[in-house]
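Student: Each chain is listed here by its residues.
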Amino acid sequence: MSEGQTHPLSVYFWIWGLLFVLSAGSYAVDYMDFQGIVRWSLILIFMFLKSGFIVAIFMHMVWERMALALAILVPPVLLLFLIGMMQIEGTYTESTRVEYFGNDVAVYEVPHVTAASEESH
Amino acid sequence: MSSATHSSVELKSGVKGFVKDWEDDKQTFHVPWGKAMMWIFLLSDTFIFSCFLTGYMNVRASTRVEWPPVSEIFSLSMGGEPIPLLLIAIMTFVLITSSGTMAMAVNMGYRRDRAKTAALMFATAAFGAIFVGMQAFEWTKLIVEEGIRPWGNPFGAPQFGSFFFMITGFHGLHVSIGVIYIAVVALKVLRGDYEKKGYEIVEITGLYWHFVDLVWVFIFAFFYLW
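So the sequences go chain by chain: W and D.
Adding 621 to a residue's 1-based position in the first sequence gives its number in my numbering.
Adding 48 to a residue's 1-based position in the second sequence gives its number in my numbering.
Read the hints as simulated data drawn from the structure, not as lab findings.
Owing to the predicted nature of the structure, the values given are computational and were not obtained by experimental measurement.
Hints are not guaranteed to be accurate.
[As the list claims (entries may be wrong)] One side only, chain W facing chain D, incomplete, derived with CB under 10 Å:
| id | residue |
| --- | --- |
| 1 | P629 |
| 2 | S644 |
| 3 | I693 |
| 4 | R718 |
[Said to hold, decoys possible] With beta-carbon atoms standing in for the labels, derived distance ranges:
| id | chain 1 | residue 1 | chain 2 | residue 2 | range |
| --- | --- | --- | --- | --- | --- |
| 5 | D | V180 | W | V695 | 27 to 37 Å |
| 6 | D | V67 | W | T714 | 37 to 47 Å |
| 7 | W | V659 | D | I138 | 18 to 28 Å |
| 8 | W | Y652 | D | I88 | 33 to 43 Å |
| 9 | D | I96 | W | V719 | 41 to 51 Å |
| 10 | D | K74 | W | Y652 | 50 to 60 Å |
| 11 | W | L694 | D | K60 | 13 to 23 Å |
| 12 | W | V719 | D | G62 | 23 to 33 Å |
| 13 | W | F669 | D | M126 | 27 to 37 Å |
| 14 | D | K236 | W | Y652 | 35 to 45 Å |
| 15 | W | V695 | D | W199 | 31 to 41 Å |
Every residue gets a Cβ at the ideal spot worked out from N, C-alpha and C, and that includes glycine.
Excised from the complex, chain W in its bound form (with noise of 0.2 Å):
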């Protein structure tokens, strides 16, 4: 390591092109109207690409010695329990939600106080 990072310029503009591109492919996902698992899987997917070109080449993770990069990508690996945890809770909240007040999605709507409203008080 003569003096920090220092890698050629070509390596930056591929992979700016590459986040581009990326992109362009997120934004298409909903432009096209995907559904379902389709749609979910596809935003995953360009959603770790493009987090994970950035982390290894711009944040240049991949150039890191192992020492600091397992202590920075290890620790949100944790987060899976987080999501996992809150998953299970947010679907048995709903379900408890379903049994205590039934399935008319009426009774849980608020009435909204528009922005007409609110100048009329």
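Fit chain D to the supplied structure of chain W, relying on the hints for placement.
Tutor: Relative to chain W, chain D alone:
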């Protein structure tokens, strides 16, 4: 300072190097301390944003009321025809462009090209400012025209507003702070403050900026597209 951060002992690579780095009782991270600290700050910030997004997921999973049609709410009319998520897509491209100019600035910094480094950093800050401007436009449109409030909205689940304003607001705050941070460092680069110390500071500033872009990738995926 560089003699303190890069030790003179020969460093092993791979798994052996990983074990050796952590077993040394002197120094684990063989990078400038500012860079290690920035990474650790970004790690903590990752947890904050993850908590927001997980909370959003939890609420969206538990609500019985239909989630508002995000794609339609964030559409922009071009010649009468509403194009879904147009403004958000432009914001995404602006942020990626700024990430690219920042990466270039880091490279130019290590080449000790002060003028180009500062110019690229100012360009990055300008793109960041444009992003914040577009976000302000979006918020205004949502509050004034669509009547979306943190406690309710005319489209569906009332929690939509609170999560939208909290998550994009906290991200916008990061962008705004980043614009100031980058501009300050760019001025100091131009003045030649880092000629002796070296240009790691540009890389550290860059780490923060790329992180802001990184968070937007997740917000775009989960909030706008999902």
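Student: Does each hint fit the structure? Answer for all of them.
Tutor: Quick rundown of the hints versus the structure:
1. The interface hint given for P629(W) is met, as the beta carbon of that residue sits about 9 Å from the closest beta carbon of chain D, less than 10 Å.
2. Among the interface hints, the one on S644(W) holds; its C-beta lies about 5 Å from the nearest C-beta in chain D, closer than the 10 Å criterion.
3. Taking 10 Å as the C-beta contact cut-off toward chain D, the hint placing I693(W) at the interface holds, the least distance being around 5 Å.
4. Annotation: R718(W) was flagged as interfacial toward chain D, and the flag holds, the nearest CB pair being 6 Å apart, inside 10 Å.
5. A beta carbon spacing of about 33 Å between V180(D) and V695(W) agrees with the range 27 to 37 Å that was offered as a hint.
6. Restraint check, V67(D) to T714(W): a C-beta distance of roughly 45 Å satisfies the suggested window 37 to 47 Å.
7. Between V659(W) and I138(D) the C-beta distance comes to about 25 Å, which sits within the given range of 18 to 28 Å.
8. Between Y652(W) and I88(D) the beta carbon distance is about 39 Å. The supplied range of 33 to 43 Å therefore holds.
9. Judged by the Cβ atoms, the range 41 to 51 Å given for I96(D) and V719(W) is violated: they are separated by roughly 32 Å.
10. Between K74(D) and Y652(W) the Cβ separation comes to about 54 Å, which falls inside the hinted range of 50 to 60 Å.
11. Evaluation of the 13 to 23 Å hint for L694(W) and K60(D) yields a pass: the beta carbon distance comes to about 20 Å.
12. A beta carbon spacing of about 53 Å between V719(W) and G62(D) contradicts the range 23 to 33 Å that was offered as a hint.
13. Separated by about 31 Å at the C-beta atoms, F669(W) and M126(D) satisfy the suggested range of 27 to 37 Å.
14. One distance hint, 35 to 45 Å for the beta-carbon pair K236(D) and Y652(W), holds here, with the actual separation near 43 Å.
15. A hinted range of 31 to 41 Å holds for the C-beta pair V695(W) and W199(D), which are about 39 Å apart.
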